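Turn these sequences into a full structure, and let the hints steer you where they fit.
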Amino acid sequence: EDKVVQSPLSLVVHEGDTVTLNCSYEVTNFRSLLWYKQEKKAPTFLFMLTSSGIEKKSGRLSSILDKKELFSILNITATQTGDSAIYLCAHPFSGTYKYIFGTGTRLKVLA
Amino acid sequence: EAQVTQNPRYLITVTGKKLTVTCSQNMNHEYMSWYRQDPGLGLRQIYYSMNVEVTDKGDVPEGYKVSRKEKRNFPLILESPSPNQTSLYFCASSFADPTTGEQYFGPGTRLTVT
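Quick mapping for you: the protein sequence lines, in order, are chains A and B.
This note's numbering puts the first residue of the first sequence at -15, with every later residue one more than the last.
This note's numbering puts the first residue of the second sequence at 114, with every later residue one more than the last.
Hints listed in this document are in silico derivations from the structure and should not be mistaken for laboratory results.
All figures in this text were calculated on a predicted structure; none of them were measured in a lab.
Check before you lean on any hint, since a few could be wrong.
Here are a few chain A residues that face chain B, going by a calculated C-beta distance under 7 Å [unchecked claim]:
1. 26
2. 27
3. 76
Label pairs and their computed distance ranges (CB to CB) [to be verified]:
4. B/201 <-> A/68: 11 to 21 Å
5. B/120 <-> A/68: 23 to 33 Å
6. B/140 <-> A/68: 26 to 36 Å
7. B/178 <-> A/37: 37 to 47 Å
8. A/37 <-> B/140: 30 to 40 Å
9. A/68 <-> B/151: 35 to 45 Å
10. B/169 <-> A/-2: 39 to 49 Å
Simulated coverage check for chain A against chain B, where a stretch passes if three residues somewhere in it have a Cβ under 8 Å from a Cβ of chain B [unchecked claim]:
11. 11 to 18
12. 28 to 42
13. 82 to 94
Even for Gly, the Cβ is constructed at its ideal location relative to N, Cα and C.
Okay, structure coming up:
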C-alpha cells in the first residue's frame, strides 16, 4: 500500500541553524514527490522532484530525491523565524490521480 | 488574481443539517480536489475530479458528496454532518495531472459539527 512517512514529527531550532527534514515513501509506480510549506493557513508549493539525485534549490531551501532508497530530504540552511511552519511531502498514488500527504514536520525556529 | 476561493470560511452547524462548502478556481484548471486536515493525521484526500463530470474517491470519502458540473466549481456536500466531520477543509486545483505540477490551495474552511 502506498504511504508517506515524515520525520521528525516536530523540531525546535534556533535562528541560524540548519535543519534536515525527511520524507520516506512506498509506492509501486513512482511518478513525482512534492514538498509543501504550511504556515497559518493553506499549503504552498515548494518543490517537485521526479529524478533521483537532482537537487532542487530555492534560496536557503533545497531538496533531493533518492529513488533507490525511497526517500527525499528537505534542507533549510540559516533558518529564520519565518521558516516556522509545517512542512509536508506528498506523492500521487500508484496508477491513479489520488494524492497522499505525509503527516508533516512541524518546525519552530526561535529567535 | 489567480486563486482558489472557498465559502464559507468558518461554519458551525448541528448534526444532520445538510451543508455545502463551495470551491471555485479562476485558473482554468482541470484537476480539483478536497482535503480534510486533522491534528496528527495530516491532509487526507476526500474526493478529486480530473475534469467536468469526472470525479473519484480519495482516501476518506465516506459521508461526503461532490459534483463537477462546471470546470471552475467543485462543491463539497455533507448530506448529514456528524461530529467526526469537524475538521479544517481545503479545496485545491492544478492545471492537469497533479503528478506533473503543484496544486493551489484555497484558504480553508473550518467546520464544527455539534
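Here's how the hints hold up against the structure:
1. 26: 4 Å, holds
2. 27: At 5 Å from the nearest chain B Cβ, residue 27 of chain A passes the 7 Å test, so the hint holds.
3. 76: Since the shortest Cβ distance to chain B is 4 Å, the answer is holds.
4. B/201 <-> A/68: 11 to 21 Å: Since residue 201 of chain B and residue 68 of chain A have Cβ atoms about 19 Å apart, the given range 11 to 21 Å holds.
5. B/120 <-> A/68: 23 to 33 Å: 29 Å Cβ-Cβ, so the 23 to 33 Å window holds.
6. B/140 <-> A/68: 26 to 36 Å: 29 Å, holds
7. B/178 <-> A/37: 37 to 47 Å: Hint holds: Cβ distance 43 Å, inside 37 to 47 Å.
8. A/37 <-> B/140: 30 to 40 Å: Taking Cβ atoms as reference, residue 37 of chain A and residue 140 of chain B lie about 32 Å apart, which means the hint holds.
9. A/68 <-> B/151: 35 to 45 Å: 21 Å, violated
10. B/169 <-> A/-2: 39 to 49 Å: 45 Å, holds
11. 11 to 18: With 3 residues close enough to chain B, the hint holds.
12. 28 to 42: holds (count 3)
13. 82 to 94: Since 7 is at least three, the answer is holds.
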